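Enquirer: Each chain, written out:
Protein chains: 2
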Amino acid sequence: MPEKIAIVGVGLVGSAWAIVFARAGHRVALYDATEGQCEAALARIETNLEALQGHGLIDDPAAARARIAVSTGLADALDGAAYAQESVFERADVKRAVYERIDGIAGPDLVVGSSSSGIPCSTFTEGLDIGPRCLVAHPINPPYVIPLVEMVPAPWTEEETASRCWALMEAAGMKPVRLTREIDGFIANRLQAALLWEAFRLLEGGYATAKDIDTTISAGLGRRWAFIGPFETIDLNAPGGLADFCARLHDGFYEFVKQSEPAQPLSDAVVSKAHEERRGRLPMAEHGDRQAWRDRRLMGLAAHLRDAGRDAGE
Amino acid sequence: MPEKIAIVGVGLVGSAWAIVFARAGHRVALYDATEGQCEAALARIETNLEALQGHGLIDDPAAARARIAVSTGLADALDGAAYAQESVFERADVKRAVYERIDGIAGPDLVVGSSSSGIPCSTFTEGLDIGPRCLVAHPINPPYVIPLVEMVPAPWTEEETASRCWALMEAAGMKPVRLTREIDGFIANRLQAALLWEAFRLLEGGYATAKDIDTTISAGLGRRWAFIGPFETIDLNAPGGLADFCARLHDGFYEFVKQSEPAQPLSDAVVSKAHEERRGRLPMAEHGDRQAWRDRRLMGLAAHLRDAGRDAGE
Numbered sequence: 001m002p003e004k005i006a007i008v009g010v011g012l013v014g015s016a017w018a019i020v021f022a023r024a025g026h027r028v029a030l031y032d033a034t035e036g037q038c039e040a041a042l043a044r045i046e047t048n049l050e051a052l053q054g055h056g057l058i059d060d061p062a063a064a065r066a067r068i069a070v071s072t073g074l075a076d077a078l079d080g081a082a083y084a085q086e087s088v089f090e091r092a093d094v095k096r097a098v099y100e101r102i103d104g105i106a107g108p109d110l111v112v113g114s115s116s117s118g119i120p121c122s123t124f125t126e127g128l129d130i131g132p133r134c135l136v137a138h139p140i141n142p143p144y145v146i147p148l149v150e151m152v153p154a155p156w157t158e159e160e161t162a163s164r165c166w167a168l169m170e171a172a173g174m175k176p177v178r179l180t181r182e183i184d185g186f187i188a189n190r191l192q193a194a195l196l197w198e199a200f201r202l203l204e205g206g207y208a209t210a211k212d213i214d215t216t217i218s219a220g221l222g223r224r225w226a227f228i229g230p231f232e233t234i235d236l237n238a239p240g241g242l243a244d245f246c247a248r249l250h251d252g253f254y255e256f257v258k259q260s261e262p263a264q265p266l267s268d269a270v271v272s273k274a275h276e277e278r279r280g281r282l283p284m285a286e287h288g289d290r291q292a293w294r295d296r297r298l299m300g301l302a303a304h305l306r307d308a309g310r311d312a313g314e
Numbered sequence: 001m002p003e004k005i006a007i008v009g010v011g012l013v014g015s016a017w018a019i020v021f022a023r024a025g026h027r028v029a030l031y032d033a034t035e036g037q038c039e040a041a042l043a044r045i046e047t048n049l050e051a052l053q054g055h056g057l058i059d060d061p062a063a064a065r066a067r068i069a070v071s072t073g074l075a076d077a078l079d080g081a082a083y084a085q086e087s088v089f090e091r092a093d094v095k096r097a098v099y100e101r102i103d104g105i106a107g108p109d110l111v112v113g114s115s116s117s118g119i120p121c122s123t124f125t126e127g128l129d130i131g132p133r134c135l136v137a138h139p140i141n142p143p144y145v146i147p148l149v150e151m152v153p154a155p156w157t158e159e160e161t162a163s164r165c166w167a168l169m170e171a172a173g174m175k176p177v178r179l180t181r182e183i184d185g186f187i188a189n190r191l192q193a194a195l196l197w198e199a200f201r202l203l204e205g206g207y208a209t210a211k212d213i214d215t216t217i218s219a220g221l222g223r224r225w226a227f228i229g230p231f232e233t234i235d236l237n238a239p240g241g242l243a244d245f246c247a248r249l250h251d252g253f254y255e256f257v258k259q260s261e262p263a264q265p266l267s268d269a270v271v272s273k274a275h276e277e278r279r280g281r282l283p284m285a286e287h288g289d290r291q292a293w294r295d296r297r298l299m300g301l302a303a304h305l306r307d308a309g310r311d312a313g314e
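Listed in order, the protein sequences are those of chains H and B. Last residue of the first sequence? That's 314 in this note's numbering, and every number before it is there in order. Last residue of the second sequence? That's 314 in this note's numbering, and every number before it is there in order.
Among the clues, some could well be false.
For chains that are exact copies, the list does not tell them apart, and a pair is met inside one copy or across any two.
Unchecked claim - Keeping only pairs whose Cα atoms sit at most 27 Å apart, straight-line, the calculated BS3-like set for lysine-lysine is:
#1 Lys4 x Lys258
#2 Lys4 x Lys211
#3 Lys4 x Lys273
#4 Lys175 x Lys211
#5 Lys273 x Lys258
#6 Lys211 x Lys273
FYI, nobody ran anything at the bench for these hints, they're computed from the structure. Predicted, not measured: the structure shown is a model, and the values here were computed from it.
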């Protein structure tokens with residue numbers, strides 16, 4: 001059933017969310033405290049709707065665009081909205097100020113999901129009337145081609161809040177996952193951090209170039225992880241399944257992990273080393289073009305995975 | 001230029017390598033110490049050549065099949081071979097025994113690559129005449145759809161050995177990466193172990209199901225990692241590139257990594273928990289079918305990524 005959805009904060013993440021909800025048939029109201037942001041968002045949205053059509057990922061971009069409107073203010077955006085996706089700057093005090101404003105305006109049924117990529121929402125919704133109707137709904141950018149949404153409740157988030165957010169996300173073609181309780185970084189960025197720290201450690205040790213470490217994922221492990229996760233990967237990698245894999249490889253893998261402890265902060269030297277190698281391959285002048293290339297490739301991949309799933313009757 | 005390639009050990013990994021080299025136009029000689037293995041390998045090879053044709057990943061499977069022959073013994077397999085891919089059981093003493101046999105037979109120009117997934121080849125080639133012509137050439141199974149090869153030299157591996165192996169792999173459509181020196185687990189399995197340990201830790205803490213942790217990768221991070229690696233991912237995720245990403249997110253990410261230390265061996269309980277959840281979704285009776293599904297999906301993904309790269313003029 002079409003609803004009104006408010007987008008609070010329309011930077012890169014918020015404007016991408018607008019596409020997700022408008023594509024799914026909802027009316028979308030944009031709000032941003034900074035002047036000119038909504039207009040910039042609309043321009044990005046129009047470009048991306050067109051690109052999605054080019055990859056067969058949206059049927060009617062003009063109709064979706066017509067469902068998106070700029071609000072006159074936060075109260076206007078929230079008026080009659082069933083759900084608000086908050087995507088303001090990733091800092092607890094900035095988010096707290098926004099939630100206090102929302103708290104004074106929101107109707108009794110509004111659910112608010114935060115795009116926070118690692119800060120649990122208990123740090124910015126405590127003591128608010130709307131607290132029980134808030135949770136984290138963290139996307140991987142851009143959510144109109146990467147379907148994951150991490151749903152993370154605060155201790156005071158009501159079950160109905162989570163179930164309504166889940167239903168909305170699933171109906172919009174997203175793949176929500178649900179954490180039972182809060183943890184810093186949630187799942188995605190904790191897994192990413194673990195992998196990155198080992199990648200930087202190998203680079204700092206001079207074992208390989210950043211490009212070769214990247215290729216190890218993009219031409220290797222990443223091929224399976226694009227459609228099955230790490231547990232299913234190892235489950236299918238031993239004749240007796242996951243337990244068999246662990247029986248064979250646990251001791252070796254544990255040794256690799258132990259050898260890399262204790263973790264240290266990344267040195268300025270290794271960050272510079274990685275950054276400079278990247279600049280040698282991609283000057284900053286071409287950075288925006290490469291981001292656009294990545295998004296086109298993600299669209300192509302999304303279309304491929306959808307078709308492959310259909311062909312397999314999934 | 002077509003060469004003769006010996007496959008020493010023709011289990012799942014060795015038989016997959018036979019496809020890689022035969023598809024590239026080389027003559028391939030199969031050898032295995034266990035009776036009946038080569039015949040089983042040929043049956044697998046024929047099935048997989050057909051599947052590759054179905055995905056447009058090989059032009060002439062019959063011609064490739066015709067280039068593969070079963071040897072009468074190790075000496076026959078190595079006779080006239082330019083390169084041998086060793087894929088025997090992953091245990092240092094088993095590999096050592098095979099390399100001692102190879103050492104007594106090999107011609108002066110033979111290069112030997114080991115499919116070892118984590119044991120450095122210095123542990124089984126020390127003191128052998130052929131030592132300088134040995135290195136690790138570790139694939140991610142199956143190599144005819146996952147192009148990564150990790151090349152890892154022993155301290156005594158000659159530069160020419162590495163450069164010949166690199167040229168052979170690249171010409172066969174593989175994507176070799178090169179470690180400068182040995183480290184347990186090389187790159188791929190160290191990165192995989194780091195990610196898996198955090199995944200098991202989240203599962204053990206009850207933060208999410210194994211399925212939701214899998215989805216976090218397969219519907220999220222894995223989408224980018226299928227065609228760009230972890231360094232390029234973060235480089236494109238901040239307006240100022242990798243250094244900018246680190247300036248913004250380093251402290252949070254470091255905190256996630258520190259919170260998970262010190263690593264512990266995986267408990268029997270968490271391995272069982274993951275295994276049983278997998279069995280609830282995939283009974284062992286369907287395990288082989290799901291492996292075959294994974295391989296078909298990998299073929300489709302390989303074809304998609306090849307076409308996407310071509311379309312982008314890469």
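Enquirer: Checked against the structure, which of the hints given earlier come out wrong?
Expert: 1, 2, 3
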